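Given the coordinates of chain A, assemble chains B, C and D onto it according to the supplied hints.
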Amino acid sequence: MAVLNDEQAMLRDMAREWAANESPFTAWRALRDAETGAGFDADAWQAMSGMGWAGIMVPEEHGGSDFGWMSAGLVVEELGKVLAASPIIGVTIAAWAIAQGDSDEAKARHLPALASGETIAALAVDEGPRHAPGKIGAKVENGKLTGSKGFVADAAEAGIFIVAATDGLWLVEKGEGVSVAGRVLADRRSHGEVVFDAAPATRLGDAAMAEQMLDRARILTACEMLGMAQHLFDTTLDYLKQRVQFNQVLATFQALQHRMADLFAEIASMRAAVEGGLEALDSRRRVPQAACIAKARANDVLNLMSREAIQLHGGIGMTDEYPVGDYLKRARVLENRWGSSAFLRDRFAGLAGY
Amino acid sequence: MAVLNDEQAMLRDMAREWAANESPFTAWRALRDAETGAGFDADAWQAMSGMGWAGIMVPEEHGGSDFGWMSAGLVVEELGKVLAASPIIGVTIAAWAIAQGDSDEAKARHLPALASGETIAALAVDEGPRHAPGKIGAKVENGKLTGSKGFVADAAEAGIFIVAATDGLWLVEKGEGVSVAGRVLADRRSHGEVVFDAAPATRLGDAAMAEQMLDRARILTACEMLGMAQHLFDTTLDYLKQRVQFNQVLATFQALQHRMADLFAEIASMRAAVEGGLEALDSRRRVPQAACIAKARANDVLNLMSREAIQLHGGIGMTDEYPVGDYLKRARVLENRWGSSAFLRDRFAGLAGY
Amino acid sequence: MATTAEPAAQVSESAFREDVRAFIQSNFPPELKGTSNALASVESGAGESEPQRQWREAMGSRGWGTPTWPAEYGGGGLSRREAAILQEELAKAGAYNPIQGMGVMMFGPTLLEYGSEAQKKEHIPPICRGEIRWCQGYSEPNAGSDLANLQTSAVDKGDHYLVNGQKTWTSGGQWADKCFCLVRTDRADKHKGISFLLIDMDAPGVEVRPIRMISGMSPFCETFFTDVKVPKANLVGEEGQGWTIGKRLLQHERTNLSGGNAMGRLGGPTLGELAKMYRETDEHGQLADRVLRDRIADFEIRWAAFLLTARKAAEESKAQGGVSEISSVLKKAGTKLGQERAELSIEIMGLQGLGWEGEGFTAAELAGVRTWLFGKATTIYGGSTEIQNNIIAKRVLGMLDHQ
Amino acid sequence: MATTAEPAAQVSESAFREDVRAFIQSNFPPELKGTSNALASVESGAGESEPQRQWREAMGSRGWGTPTWPAEYGGGGLSRREAAILQEELAKAGAYNPIQGMGVMMFGPTLLEYGSEAQKKEHIPPICRGEIRWCQGYSEPNAGSDLANLQTSAVDKGDHYLVNGQKTWTSGGQWADKCFCLVRTDRADKHKGISFLLIDMDAPGVEVRPIRMISGMSPFCETFFTDVKVPKANLVGEEGQGWTIGKRLLQHERTNLSGGNAMGRLGGPTLGELAKMYRETDEHGQLADRVLRDRIADFEIRWAAFLLTARKAAEESKAQGGVSEISSVLKKAGTKLGQERAELSIEIMGLQGLGWEGEGFTAAELAGVRTWLFGKATTIYGGSTEIQNNIIAKRVLGMLDHQ
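Protein chains in written order, with our numbering: chain A, 1 to 354; chain B, 1 to 354; chain C, 1 to 403; chain D, 1 to 403.
Honestly, the hints are just simulated from the structure, not real lab data.
What you are looking at is a predicted structure, and each value in this text was computed from that prediction instead of being measured.
Any given hint might turn out to be false.
Unchecked claim - Restricting the straight-line Cα-Cα distance to at most 25 Å, the calculated cross-link-like pairs of lysine-lysine (DSS-like) are: (1) D:Lys190 / B:Lys241; (2) B:Lys241 / B:Lys144; (3) B:Lys241 / C:Lys229; (4) D:Lys190 / D:Lys247; (5) C:Lys121 / C:Lys190; (6) C:Lys120 / C:Lys229; (7) C:Lys276 / A:Lys135; (8) C:Lys121 / C:Lys229; (9) C:Lys120 / C:Lys276; (10) D:Lys120 / D:Lys318; (11) A:Lys241 / D:Lys192; (12) C:Lys120 / C:Lys247; (13) D:Lys229 / D:Lys192; (14) B:Lys135 / B:Lys107; (15) A:Lys144 / A:Lys107; (16) C:Lys121 / C:Lys247; (17) B:Lys135 / D:Lys276; (18) C:Lys190 / A:Lys241.
One chain only, chain A, in its complex shape (with noise of 0.2 Å):
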């Protein structure tokens, strides 16, 4: 765990709280077998930016606490640990995009109303399925965007997006020359493809804004999956301690104990580097680096902690009923999001020089 200040211990803590008592794993179970399609609670949504959690990034001025980036972290560590359904990496990234971005009137007539939660963001920066920031097709003439996205999340909820077009960052709301297709992923999150067909567009920055600005997303989605990783661990260790066969508890045999011991010290790598990453937006110190390292490790660890999660649960992890699979089904999608790993380690070497 990373030294925090008081606000910050303040906020984990109110963050740790909230999540266990009105979020727990079964809240996102009853959403998901609703099969509304909603990819998170509107109610819920609304308690967490009354709580301060969509004005991380905004600054005070426009009704944000601009508490940085490790708070923004935490928070979103404790909602994956639970696997709360939520718009708050969109909305916290898209905050940060308007706030540095080119255009006072967005500033003013949307950070306030993403602070408070009334609207949502989506990011729309891929257009196929898999990240590759290189290659992106979406126009923009006279101030009209054209081109489709896809794989965007909560694009149906989404009254804004954030989008990358050939020459930078745009921000487009929702209505004229946009519409979504949903599309239902393993994580049975809401998706959607987007397509802009002439919509009108408001400039945020350049290329090199939108590329901080998928550094951003990247740390704060290995945030996310920290979460999911350290409860995957807990919960592991927990059913470990109790699951009685061969008359005595799986924890107590050695091969068990060394593959647990492996994967602390995997998310002890894993937490350090996430931590790392959001140290690095707060100083701004070698971000294109941290995100790298902290968006590389959550795939990688996430990935082993997930399938170990299920192999060391036995059979009852197989189950729909438990909700390690769920874990599971959501790390695939993050680990695809905003980079894989051979993505990451190709843009680290890059920076590197080598």
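Structure of chains B, C and D alone, referenced to chain A:
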């Protein structure tokens, strides 16, 4: 273990017995510590040749037994187990190349001498520190070969060299235009840089034949590696059954049991791959693929096994007095020879068309 | 090594091959070409189509679905060589073996070894004809890896046993006709108190409850036995011999599970082909992503080595007779590779390979996700990888427990 | 998070920084720039050059080789912040800390915690001045991972102990002046029978025999004690307290070993740089072999995460006080990564990276081979990886042994 015919089973038993009685590990160690620079013991090679092992790939009319690749592989594996130093791989492959080759004169002149153990042959293909048959610079003009070859095994002892040139495979005798400079690698066997300066050369075959020769060299090298890995596994298992810590023999610790089970499965895979390679050679079916499978598995499993053998032996394995370090050093040399796993995977994928 | 067949044998072989071809020609419904219902018998209750029924009956009438089983009990009575020819010809014609399921894979071979003459005569022929579906009553909520801890009791009532208890992970229990079951006939001895009993799934007191899995499918059940009467004629072997018979059956199970069949390796593209469908290729038609290509080749090489291992094991067990203890290695390695393959597949496809339902995904993509998830069970059931490791360490390598 | 320093502190910091610079300027012999003898003290008997001696004495006189140790015993008495500034300035000037070895890494911190006032006054100052080499007398032929099984006995003879027994893996025993040793003062109790004793290596009855390693080097010894008289003043703590003190020392050892220092991570090229020296690059100056490049990046990312883990552990242990139990994770992870790095290094170089001696190889290439081989010991000594796994599972995760 492959299902063998009587002839093969007899040959294997003979090799196993000879290795245990006449060429145990201490024989290699005596050779190494004599520091004469010799790559193998000449008397031992005479003994091996006397048993017919030098002539396994030599046709009967030229004084060999023509027993086939499975037979050759069984002998090489047994020698690998005790880390016996010998030029058997170079001699066997050279015999095949000459027997398959274009020159009747070469057959008559060299095959009987190879079979009798009189002549040592070395394979001179790669020109740098990694296997790269696509990057051969050695050229033949007017029957004279010019070029240099790196890390050639048994170069100092060799009477003839089988040399890959830009246009195919050639035979060069030691003497005019041939100079050898020794190189001491970690395995302490005989290696040398060989410079050919307009050395008289006899043509054996085209580039396709050179490729065929390399597949054979890969599979036979994999046999030596199989013997080494099998020995390391067996000796590690023995050690674990004997070493007492915490009032228990180490073999009773479940974490070690499961690691040994993993290694057992890996060695079963390696053995199947290597024996599959030998069968492919004898039946001439899908040899290039089989060679990739055999050598890649041999590389990866021996690499793992050599690391685990050191670790599972603990401190004693780190001492020079104990044999395991010599297997480790030899392993890395052989992993590099005739294709690292990365090279072989590239080749395998190319053969499969992806 | 090359098989040196006698000329006489070659003649008879080619005659047999002709016979097989003619049979397929006359009996295999062309509309089934390239399809398969191999898993239907265990993994769904989907009904048979008319051509499927015809093909099953045709194969069953020859006993060719169980080609090497004795002809006297309805098997094909073929030699291994003939069975291989049959397999080759079926593959050539795009035909499948319609006689599948747990009866064929596990129960039949075990009953042939341990059953009474009357039991073989009663149970084997319907398996050969594909008429009866068997399910496995082994695991219980507190007897998973520690199978011998099972508590389902069978109390001797003179002419019958009275069975009470709960089984779980009963494969296809909701569609099965009969269950081969491990039950406790003696509480005093953990292993020797176990017996091997055959139970009708439609007997009064048998109740099944499907278990929904993370893949969304429900191929397994919880099975409850409440005062179920089982005739004593349904005891296989002797009372207390169940552990021995049951373990033998597990060896057959392992050998079958190792093939990775349950993980979508039945037909379909290779990983290299799949990657070429979803990823860019260069001017040589090779995958442009060299890192992915390297990982695929790594997998395919290990898979090839696994197939060689399995083939070698089959040859050796043929030479030595019986199922070898290498079955634990095959089960462990095959299921691991199957899972690796599924993970690589979805990685190749990216988010396109993670669709759950609805628009935007092909049927193959959606099936791939379910296969990936279902495949996670393969290293757990049939003796988990951890149990296989224990078996290898203790029985094969002689590494004992703490004294 | 950013450190919010007080303005006053900043002034004093910058004054301290000036002082350090001036000191380096006046005392660091320019000919030593970029060199290091950090390992010389434990890994060889190589003598000191005159400039090396001067530099050691200069650093020792300020106590800056042990910057945070108390000034009253010859340490630098610096705050952690000041020590960091010192480290920065040394690095900037290409200078090294010449005060190294087991006395600094393990024994000193332990003695400061458990030693008597007289012992600290006697032993700490010479460590701070780099005058005395200490070696570790822990392992024995039958007490490796099971350290508490040690048998070397110390019998109470009134004013002294009489020590008999054999130690092994004594690092630098042939060059050491003194040995901190675990000895058995009571056979009745495995753990409480152990005491922590300081032994002069030149005392009569002490004999050392170097062990030749697979790397060709002999950095360890077997040490034989035959009727060695050790004054009672050399007992640290109380009789029977040796296991507690000895384990504490191991925590310091783990923290130090984890850094991968022993695996050639001191200076030298990164793997990416190394690969660019030995492999082809493309038109962008990147490695043409994308598969190798991917593996190097994978390593470097995991290495970066490890350094972050170590930094975080240091911050936390500073916040909480003392060495944390994460030391086992650091030891296990750091040594594993160090070995991976060495394996990747030799793989990058191909056979050129496997030279043993003689012509055809650079000194760096030959050193790399020895480093690779020596590094195999790092997951064995200082508590093997298996022992660290046991510690993590039991002490950190609360997974108990069979009851």
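Verification of the supplied hints:
1. A hinted pair counts as satisfied when its Cα atoms are at most 25 Å apart, and Lys190 (chain D) with Lys241 (chain B) qualifies at roughly 24 Å.
2. Between Lys241 (chain B) and Lys144 (chain B), the direct Cα distance comes to roughly 59 Å. Violation of the 25 Å bound is thereby established for this hinted pair.
3. The suggested pairing of Lys241 (chain B) with Lys229 (chain C) is violated, with an alpha-carbon distance near 50 Å, which exceeds 25 Å.
4. Straight-line distance between C-alpha atoms of Lys190 (chain D) and Lys247 (chain D) comes to about 14 Å, which keeps the hinted pair within the 25 Å bound.
5. Note on Lys121 (chain C) and Lys190 (chain C): the hinted pairing is violated, with a Cα-Cα distance of about 32 Å set against a maximum of 25 Å.
6. Taking the CA atoms of Lys120 (chain C) and Lys229 (chain C), the gap is near 21 Å; set against the 25 Å cutoff, the hint holds.
7. About 19 Å separates the Cα atoms of Lys276 (chain C) and Lys135 (chain A), which keeps this hinted pair within 25 Å; it holds.
8. With a C-alpha separation of about 22 Å, the suggested pair Lys121 (chain C) and Lys229 (chain C) falls inside the 25 Å cut-off, and the hint holds.
9. A distance of roughly 50 Å separates the Cα atoms of Lys120 (chain C) and Lys276 (chain C); the hinted pair therefore is violated under the 25 Å criterion.
10. In summary, the hint linking Lys120 (chain D) to Lys318 (chain D) is supported, as the alpha carbons are separated by about 23 Å, within the 25 Å threshold.
11. At most 25 Å may separate the alpha-carbon atoms for a hinted pair to count; Lys241 (chain A) and Lys192 (chain D) exceed this at roughly 30 Å.
12. The suggested pairing of Lys120 (chain C) with Lys247 (chain C) holds, with an alpha-carbon distance near 19 Å, which does not exceed 25 Å.
13. About 22 Å separates the Cα atoms of Lys229 (chain D) and Lys192 (chain D), which keeps this hinted pair within 25 Å; it holds.
14. The straight-line distance between the Cα atoms of Lys135 (chain B) and Lys107 (chain B) is roughly 28 Å, outside the 25 Å bound, and the hint therefore fails.
15. Restraint check for Lys144 (chain A) and Lys107 (chain A): satisfied, since their Cα atoms lie roughly 20 Å apart, inside the 25 Å limit.
16. For the hint pairing Lys121 (chain C) with Lys247 (chain C), the CA-to-CA distance comes to about 23 Å; that is within 25 Å, so the pair holds.
17. Between Lys135 (chain B) and Lys276 (chain D), the direct Cα distance comes to roughly 19 Å. Compliance with the 25 Å bound is thereby established for this hinted pair.
18. At most 25 Å may separate the alpha-carbon atoms for a hinted pair to count; Lys190 (chain C) and Lys241 (chain A) meet this at roughly 24 Å.
In terms of the numbered hints stated before, the structure departs from hints 2, 3, 5, 9, 11 and 14, listed from lowest to highest.
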